[in-house]
Amino acid sequence: MIVDKSLSSRIFNLINTTLLTLIALITVLPFIHVIGSSFATGAEIAEKSFLIFPTKFTLSAYKYIFSTGTVMKAIFVSIFVTVVGTLWSMFLSTLTAYGLSRKDLVGRRYIMFFIIFTMLFNGGIIPTFVVVQKTGLLDSLAALIIPVSINVFNMIILKTFFQNLPAGLEESAKIDGAGDFGILFRIVIPCSLPAIATISLFYGVTYWNTYMHAILYLSDAAKWPVQVLLRQIVVLATGIAYDSAEYSDVPPPSQSVKMAVIVVATIPILLVYPFLQKHFAKGALLGSIKE
Amino acid sequence: MEMNSIQVPLTKAEIKERKRSESQKKRSELRKNIAKNKMIYLMIAPGLLYLFIYKYIPMFGMIIAFQDYKPYLGIAGSEWVGLEHFKRLFTSSDFWMILKNTLVLFALQILIYFPIPIILSLMLNELRKEYYKKTIQTMIYLPHFMSWVVVVSISYVLLTLDGGIINGLLKNFGLKEINFLLDSSWFRPMYILQIIWREAGWGTIIFLAAIASVDPQLYEAAKMDGANRFRQMWHITLPAIKSVIIILLILKIGDVLELGFEHVYLLLNSTNRHVAEIFDTYVYVAGLRQGQFSYATAVGLFKGVVGLILVVFANWLAKKNGEEGIY
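Line by line, the protein sequences give chains Z and G. Numbered by this note's numbering, the letters in the first sequence go through residues 95 to 385 in order. Numbered by this note's numbering, the letters in the second sequence go through residues 2 to 328 in order.
Treat the hints as calculated values from the structure; they're not laboratory data. Take these hints with a grain of salt, some might be off.
To give an idea of the chain G side of the interface with chain Z (calculated C-beta under 8 Å), a few residues [stated by the list, open to error]: (1) Met60; (2) Arg129; (3) Thr139; (4) Pro144; (5) Tyr157; (6) Met234; (7) Ile237; (8) Leu239; (9) Val284; (10) Tyr285; (11) Phe294; (12) Gly301.
Note that the Cβ used here is the ideal one computed from N, Cα and C, for glycine as well.
The following block holds chain G by itself, in its conformation from the complex (with noise of 0.2 Å):
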C-alpha cells in the first residue's frame, strides 16, 4: 500500500536487490528453523537416506533399459542402444501373452475377488451378538499372516493327487480324479480362490470400519418407513461406504500389474506357463536367471510406466466424479 503511494517505479537493480534480501530472509528463517531442529533432521536421515539408496537410485537405473548394460562395464561404461529393447518386447510374441494373461488375472480380481470383503462385511455388520461377530472375524482374518509359500503349498497338499483330501472326496463321491496341479485349466481358478482365503476376512476391515461410522438414526428412519433388512442394507449402509469402495477401487485399478510375484511365481510351472506368465515372472526368468539385464529392466519399465499412468488416471476420475481421490 505504501508502494502505490510513493509511485517511484522501481529501478531494475532495486527490483533486483529486493528479491535478493526477500530470498535471503527466506534462507536465513530456514537455517534457523533447520538449527532448531538439527535433531529432527538427524533423526529422519537415516529413514530418508534408505529411501535414497533402494527406491530412488533403481529407479534412476532404470536407464540400463535403453543400454546394452554389462555388469562389469556399469552403466558409464555400457553401450546406448536407444529403444531397441523396447522393439524387441513389443515384437515378441511373448509380450501378447504376457499381456493377455495380466488382463485377465487382473479382471479376476476386479469382477470375483473385489466385491467379496464388501459383501462379507455387510453380512458381519448384520450379526447381533458381538462375541460372535468377533470369533468370526478372527477366523477369516487369520489366512492373511501366512506367506503365499503357505497358501500355495496348503492347497498342494489338498488338491495333489497323491493321497490329497479333495481328490479323496471325489473318489468318495465316484466321481473322476482332477490333476489340478498340472492341469492349466485349473491355473486360474487357483489363483482367485487362493486370493479369495488369504485376503477376502482381512479386506473386510476397512469396509466395517466405514460401516461403524454410519448414523444409527438413518436406520430408525427406514424401519419407520417399512425398510427390511435388505433394503437397508441397499439405501443406507452401501451408499454409506461408497466412497471407501471408490477409494479402494482406485487403488486397485492402480495395481493392476501388481499380481503378486511372489503368489504367481509359486504357481507357475512349464505346463500353465501361457496361462500364468507376467511381467514380473518374466521379468525375473529373462533377467537374473537367463541374465538380460537390459531387456528385462525394459520389460520392468513398461510395467511400471503403465502402472504408474494407471492410478493417476483413476485418481482423476474420481475426483472427477466428486470423490476425495487417494492424493
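Only chain Z is shown next, with the shape it has when bound in the complex (with noise of 0.2 Å):
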C-alpha cells in the first residue's frame, strides 16, 4: 500500500494510534495493578489508589498463601490436571484427527457429522452429571479430565493441519512399508510439532483454567483446583455469597492476599503467553477453514 501523507491522513493515523494506545493500556493495566498490589504492603495499598511498582516491596502475601496447606494443595491439584489432562486429551485428539484426516475412510462424512452435531446441542448439565456419576468419576480429579476428553474444535484445527500435510510424505513412508500407526508417529508428528505444540497450550489454559466441572464433580474440598479457591478466597470473601455454606471460617484475606491469589492462579499463563502467542493466530484460523 503506497504511504498517504496527506495532512487528513496524517491526522488519523495519529487518533488511531493514540485510542489503540489508550484501549492496550485500559486492557493490562488492572491486571498489572493486580501483580504490583500483591507485591505491597496493605498500607500501600491503602493509600494509593493505583499501584504499578510498589515502594516497599514485600513478599508478604506470597509467604502466607505458600504457608496454607490450602493454597498448595490446590496449586497442587491444578498442575496435576493440566499436565494428565494436557497428555491425554492430546493423545485422543491427535489419534482421531489423524484417523479423520485420512480421505481414503469409508464414511469419513457421517462421523464428521457425529462429530461436530456435539457441538450445536448437548444433554445439558443434569443429564451429564448423571453419566459423569454412573461412570464414577464423582468426587476424582478423573471428573476434570475424562468427561472433556477432546475438544471437538481443537480437533478439528488438528484434522486440518494434518490434511494439508504433502501427501508424497506418507506415501514414501508406506512404500518403505510403515503402518498406519508408524507413520503417524515417525512422520506426521514430527512434522507438525508447531501445531501440536499450539493445540497442547491451548488444552494445557483450558484444564489450569478449569472452574465449572470442579463444582458440578467435586464435593471434597481437598480436591478443589486454584480456580476455585480462588473464588472462595476473592470473590466469597468480600461479604456477599450465593450459598452461605460455602463461607469459610477464616477471616476475609487482606487486599494484597487477594492479588497474590490471582497472580498464582494465572503465573502458568503468563509464563507460556509468550510461546502460545506465536502460533494462536494461525492455529486459530486454521480451525475456521472448512472442510
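With the hints as a guide, dock the two chains, each given alone in a separate frame, to form the complex.
Now the structure itself:
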C-alpha cells in the first residue's frame, strides 16, 4: 500500500494510534495493578489508589498463601490436572484427528457429522452429571479430565493441519513399509510440531482454568483446583455469597493476599503466553477453514 | 443401455436378486475398505467412544425430563410423568424472569459487544507500523487466556468498597462511592464490560484475517478516485469482510442461550438474582443443589432445543440471503 502523506491522513493516524494505545493500556493495566499490589504492603495499598511499582517491596502476601496448606494443595491439584489432562487430551485428539484426516476412510462424512453435532446440541448439565456419576468419576480428579477428553474445535484444527501435509510424505513412508501408526508417530507428528504445540497449550490453558467441572463434580474441598479456591478467597470473602454453606471460617483475607492469589492462578498462563502467542493466530485460523 | 435393448421385463425375483447382489458388492467393498483401514478405525475408535459416552448418552439421558427420575431407581425404574415438568416451568414466575434476563444479556452481547471486535480490527488494520500493531495485539489478546474466575476476581479487587482503586478514584474526585458488587443495577454493565475486556481483542483475529485477504489494488483505485481513509474503510474493507461478519453473527445467534454459565454464576448472588439468573445457573441450582433432577433436565432440554432451532434458523436465513452459512 502506498503511504498516504496528506494532512487528513496524518491526523487520522495520530488519533487511531492514540486510541489503540489507550485501549491496549486499559486492557493490561488492571492486571499490572494486581501484580504490583500483590508485592505491596497493606498500608501502601490503602494509601495509594493505583499501584504499578510498590515502594516497599514485600513478599509477605506470597509467604502467607504458601504457608497455608490449602493453597499449596490446590496448586498441586491444578498442576496435576493440567499435565495429565493435556497429555491425555492430546493423545486422543491426535489419534482421532489423524484418522479423520485420511481421505480414503469410508463413512468419513457421517463420522464428521457425528462429531460436529455435539457442538450444536448437548445433553445439558444434569444428564451429563448423571453419566459422570454412573461412570464412577464423582469426587475424583478424573472428573475434571475424562468428561472433556476431546475439544472438538481443537481436534478439527489438528485434522485440518494433518490434511494439509504433503501427500507424498505418507506415500513414501507406506512404500517403505510403515504401518498407519508408524506413519502417524514417525512422520506426521514430527512434521506437525508447531500445530501440536499450539493445541497442547490450548488444552493446557483450559485445564489450568478449569472451574465449572470442579464445582459440578467435586464436593471434597481437598480436591479443589486453584480456580475454585480463588473464588472462595476473592469473590466470596467480599461479603456476598450465593450459598452461605460455602463460607469458610477463616477471616477475610487482606487485599494483598487476594491479589497474590489472583497472580498465582494466572502465572502459568503468563509463562506460556509468549510461546503461545507465536502460533495461536495461525492455529485459530486453521480451525475456521471449512472442510 | 444394454438392458433396454433386450426389452425383457425383469421378474420381481430377478429385481430382488439384482438388488441383493448390488448391496452385497457394496458390502464387500466396505468390508475390504474396513480391512484395509483397520488401523485407522482403531485410531478413531477411542475418540468416538468418548463422544458417545459423554456427549450422546447425555442427549438420550434427557428423557428423564419426562420422568420423575430417582437416582436409585435409574431411568428404567423411574416413573413417567409426561410433560408435567414443562408445565411447571412455563407456569412458574421464575421462567419469565429467566427468559427476560437471558434475552437482555443476549441483546447486550449483540448490540454492544459484537461490533467492538469489528471496529477494533478496522483500527488495527490502519496501523502502518507492523511492530506497533503486534505489540498492541499481544496486549489485547492476553485476557482471553485468563479464566472467568480471574476476570471476575480482578473486577472484585478493583471495584470493592474496601480499598478498590475505582472507589478510591471516585473519592479522590469528590464523588460518591458506589457499591458495584452489591448493587444489582451494576450487574449488567459489569457483565458486558467483563466480556469486552476478556474477548474483544481475541475476537479481532478472524476479522483481521479476512481483511488481510482484500486485494490492495482496490485501495489504490479508491485512492485515485479521491476516497479518504474512512471512505476506503466503508466502501472496501467492510464489504470485504461482510460474509465473515454474517457467519459470526449466525454463530452468536445460535448461542443466544449460551451466556456463559461460569461467568454468570460467579457474579450471581442473592441481591442480583432477579437480573442475573439465567437458564444454566437455574438448572444447576434446581438440579444439583436441590436435587430436582427431572425438573432441571426439562429446563435444560427447553434451552437446548430452542438453541438448536435458532442455529438452524439463523443458518437458513444466511443461506437464503446468498451467504455461505456454517453448514
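Here is what the structure says about each hint:
no., hint, result
1, Met60, "holds, 5 Å"
2, Arg129, "holds, 7 Å"
3, Thr139, "holds, 6 Å"
4, Pro144, "holds, 6 Å"
5, Tyr157, "holds, 5 Å"
6, Met234, "violated, 10 Å"
7, Ile237, "violated, 12 Å"
8, Leu239, "violated, 16 Å"
9, Val284, "holds, 5 Å"
10, Tyr285, "holds, 6 Å"
11, Phe294, "holds, 6 Å"
12, Gly301, "holds, 3 Å"
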